[in-house]
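J.: Sequence:
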Amino acid sequence: MHPEVRQDTPGDCPKCGMHLAAVGGDVPESQHAHSHHHHGHGTSTHAVHGSAHAPQQRDPLDARTPPANLRPTAAAVASPSEANSPGAIYTCPMHPEIRQDHPGNCPKCGMTLEPLIPEATADDDNPELRDFSRRFWWTLPLTVVITTLAMAGHRLGWMAPATQSWVELLLSLPVVLWAGWPFFVRCAQSMLHRSPNMWTLIGIGTGAAFIYSVVATIAPQLFPISFVAHGRVGVYYEAAAVIISLTLLGQMLELRARSQTSAAIKSLLNLAPKTARRIEPDGSEADVPLTHVHVGDRLRIRPGEKVPVDGVVIEGSSAIDEAMLTGEPVPVTKRPGDKVIGATINTSGSLVMRSERVGSQTMLSQIVQMVSQAQRSKAPMQRMADQVAGWFVLVVVGIALASLFGWGLFGGDQGWQFGMINAVSVLIIACPCALGLATPMSIMVATGKAATQGILFRDASAIEHFRRVDTMIVDKTGTLTEGKPAFDRAVPVPGQSEDEVLRLAASLDQGSEHPLAQAIVAAAHDRKLSLSAAIDFESSTGIGVRGQVDGRQIALGNTALMEQDGVDVATLSGMAEALRQQGSSVMFLAGDGQLLGLLAVSDPIKQSTPEAVQSLHDAGMRVVMATGDGLTTARSVAQQLGIDDVHGEVKPADKLALVERLQREGRVVGMAGDGINDAPALAKADVGVAMGTGTDVAMNSAQVTLVKGDLRGIARAREISQATVANMRQNLLFAFVYNGLGVPLAAGLLYPFTGWLLSPMIAALAMSLSSVSVVANSLRLRATT
116 MHPEVRQDTP GDCPKCGMHL AAVGGDVPES QHAHSHHHHG HGTSTHAVHG
166 SAHAPQQRDP LDARTPPANL RPTAAAVASP SEANSPGAIY TCPMHPEIRQ
216 DHPGNCPKCG MTLEPLIPEA TADDDNPELR DFSRRFWWTL PLTVVITTLA
266 MAGHRLGWMA PATQSWVELL LSLPVVLWAG WPFFVRCAQS MLHRSPNMWT
316 LIGIGTGAAF IYSVVATIAP QLFPISFVAH GRVGVYYEAA AVIISLTLLG
366 QMLELRARSQ TSAAIKSLLN LAPKTARRIE PDGSEADVPL THVHVGDRLR
416 IRPGEKVPVD GVVIEGSSAI DEAMLTGEPV PVTKRPGDKV IGATINTSGS
466 LVMRSERVGS QTMLSQIVQM VSQAQRSKAP MQRMADQVAG WFVLVVVGIA
516 LASLFGWGLF GGDQGWQFGM INAVSVLIIA CPCALGLATP MSIMVATGKA
566 ATQGILFRDA SAIEHFRRVD TMIVDKTGTL TEGKPAFDRA VPVPGQSEDE
616 VLRLAASLDQ GSEHPLAQAI VAAAHDRKLS LSAAIDFESS TGIGVRGQVD
666 GRQIALGNTA LMEQDGVDVA TLSGMAEALR QQGSSVMFLA GDGQLLGLLA
716 VSDPIKQSTP EAVQSLHDAG MRVVMATGDG LTTARSVAQQ LGIDDVHGEV
766 KPADKLALVE RLQREGRVVG MAGDGINDAP ALAKADVGVA MGTGTDVAMN
816 SAQVTLVKGD LRGIARAREI SQATVANMRQ NLLFAFVYNG LGVPLAAGLL
866 YPFTGWLLSP MIAALAMSLS SVSVVANSLR LRATT
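Letter by letter, the sequence shown follows residues 116 to 900 in the numbering used here.
Honestly, the hints are just simulated from the structure, not real lab data. Be a bit skeptical, because a hint or two may be false.
Computed list of lysine-lysine pairs in DSSO-like fashion (alpha-carbon distance at most 27 Å, straight line) [said to hold, decoys possible]:
#1 Lys-599 / Lys-389
#2 Lys-454 / Lys-223
#3 Lys-643 / Lys-599
#4 Lys-454 / Lys-389
#5 Lys-766 / Lys-721
#6 Lys-766 / Lys-643
#7 Lys-721 / Lys-454
#8 Lys-389 / Lys-421
#9 Lys-454 / Lys-421
#10 Lys-799 / Lys-766
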C-alpha cells in the first residue's frame, strides 16, 4: 500500500501496520500482506491472425497463473473456508486504508474492524455483538429504574431529594462505567490519534452529563441557587444512562444489519465443499478434506455432489450447474477435456476429474478476493463526505459550546440547565457515522450481489462510472463470437495443393495457442498431415505471424501483413471477399514473398450475443465493433446483430485511437474485449469490460470482468450501477438532512418559534437509528439489483 516505506529488516508498515514484503523477492503469500502482484509480459508471443486477437483467449480455469485482478492477495488463504485463519487481515468499512492483522477498532472513526474476507458464520458469532448485547441486557433494568426515579421520584416522595441523587448515582455507575466503557475507550483513542469521530461526541456528551451530575451530588454547595430544582441541584444520570443504553441498542442493530451487507460473499464462501472423493493410484477411493487435495489428483464427482476444485474432466459426461458462480441459469454439459469450476454442482452423471487449481487459486477463491477488494474501495462520491466528515466533529463541538454558553448567559433563570441539556443533545444527535457509511454500505451490497450474477467490479469507481457509459466498443472474436473457430477451407493458388497450404499454415501455427491457430492445426491433424517444425517464429500483434518452415520464409495473416511483406494477393482477393461476406475470417499464406493460398476459418456468433446487443440498444447505448478481422467479415457479423458502427482490420493502436476519438467527441466510452490487443483500449476506456474467458492482460486492464464472458452482463452491470448510485445518493441525502435538521433542533434554535427542546435521550435514540437507517436502505439493493 505504501511502496515508499522501505527498510532492510522485516517488520510492519509504520503507516498502515501491514506486514512488509521483500522487494523483488519471491515471498510466499501467506508470509506477508503488503505484496503487490504484477504480470510480466515476457518476450514470447503467440500467433495472431486475421482477427485482432493475439494469444489464445485464455480460459479462466486453465492451470497457468491466474490474472492479477482475480489473483488472491496476501490476505488470501488456502481455501475460502479458512478465510479468517490467524493470517487474516482486518479493515474498517469506512476507512479501507486501515488494515491490521488482529481485531480491534479503527483509529479514525472508532468502528470495529472487520475481516477483509467475511466469515461464513452466523451473526450471533460476532464477538462484539455478544459483548454489546450482554452489556445492554444486564444494565437495561438499571436504566429503567434510574429514568423512573428521575421522572417521577420527586412526585412520589419516596426519599429526600439529596438521597435520590445518591441512589441515582449508585445505580448509574454500572451503566456508565461498565456498559459504556467501550465508548469511552474509543473516545480516548480518537483524541489520542487526533481523529475526532462519533465516539468523541458520545464520550464528551455522556461524560460531561455524568461528571456534572456527580459533582452536583457530592458538592451541591458549589452551584448557584438557580441550579436547584425540586429540592436538589439538577442531575442528569438518567440522560447518561439512557444514552449509553440506546447507543448499545443502536450498535447491536447496526452490527446485525452490517453483517447482512456481506451476505452474498458469505454465501460464496459457503459454496465450497468440505471434502473430496480422491481416487488413489491403486484404484481405491477415499473421502479426504478439501485442504488435502493437490494439483494432479484424480477426483470422482457423483450425482448431486459439488465439484471440489477447478480442473478438467477425464472420464464421464454430466450436466454441471454453474449458476452460483457465473449466473448461467442452464446447466452446462461437460465431457472429457472440458473444464469444471470448483463449488459448482454435478446434476446427473458421474465424472472423474483431474485437479488443476486448488486452495487460493480456485475460481471461487479468486472471486471472493476480487469482491472483497471492490467492497473495501472508496467511490469518488465518498470524497465529498470525507471532506465534510473531517470538520464535522469540530463544528459540532463548537455548536455544543455555543449552545451551552448562549443559553447560560441569555436563557434566564434556568438558562444554564437548558444550556447543559442542549449541549449534550447536540453532541449526541450528531452522527458522522451515518455520513461515513452512506457509500461503503451500498458498495458492499452491490458488489456482493453482482458477484452472484457473474459480474466482478474491480472497485467502487467502476460501479459509479458504469451508469454514464453511452458508447460500448466491442471486439468480435471471443466477445461477440464463441472464440472457438472451426476450419472452413484452404484455397491454393494454381500450382499449389490444398493440403500443402494447410500443412504449411499448421506447421507455422502449431506453437500458437490462438483459437484460429488451433482450428488450423486441428484440421491438419484430422487429415493426418505431417507437420514440420517452425523456427524464428514472430508475431505481429493484430495482423499475423511469420517464421521459417522447411527452409522457407512463411507468413500467415491478413492483408496488412501481406502489404508489409510486399505480397500481391490480387489472385485470391475475389474468393477472400466472398468468404468474408459469409462471415468467415480469411488469412493469406505466403512463402518467400509469393502468395501460396488462403485459409478460411469461421467463428459462430454466441447464442446470447443478439439478445445482449439488443439490451445495450434498449439501454440507450451505441454499439461499435472494432476487430482485426477483414472489414467485409466484420460488416457481415454486424449486419446480423444490428451493430451501429464497424471498424475492421484494426490494430491495438487503432482501437486505442478509436476510444480516444470518441472520448474527444464527448462520449463516455466502455470497451469490451478479451485479448492482449484489447488491453490498451480497455485501460483507456472510461470503463473496460473483460471477458472472463479471455487473456490475463485483458482482465488486468479492465475495471469489470464478466466471469462467463456473456455480453448480457454489460446491461446488467449498468443496471446495478444505476441502482447503486441512486442508493448512495439517498444515503448521503439522508445523512446531510438528518444532521442539518437534528443539530439546530438539539441546540434549541427553534425554541423561540416552536417552544421545542430536544431531550438528550431522544437525541440518543435518533443518533442510534440514523446509522441503522443508512445500512437498512443499502440492503434494499439486494432486492433491486
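J.: Compare the structure with each hint and give your call.
T.: Tested hints:
1. Lys-599 / Lys-389: violated (35 Å)
2. Lys-454 / Lys-223: At roughly 46 Å apart (the allowed maximum being 27 Å), Lys-223 and Lys-454 break the hint.
3. Lys-643 / Lys-599: holds (21 Å)
4. Lys-454 / Lys-389: holds (21 Å)
5. Lys-766 / Lys-721: holds (23 Å)
6. Lys-766 / Lys-643: Answer violated: Lys-766 to Lys-643 is near 34 Å, above 27 Å.
7. Lys-721 / Lys-454: holds (19 Å)
8. Lys-389 / Lys-421: Holds, at roughly 10 Å.
9. Lys-454 / Lys-421: holds (14 Å)
10. Lys-799 / Lys-766: The given pair, whose Cα atoms are some 15 Å apart, holds under the 27 Å limit.
In the structure shown, a violation is registered for the earlier hints numbered 1, 2, 6, in ascending order.
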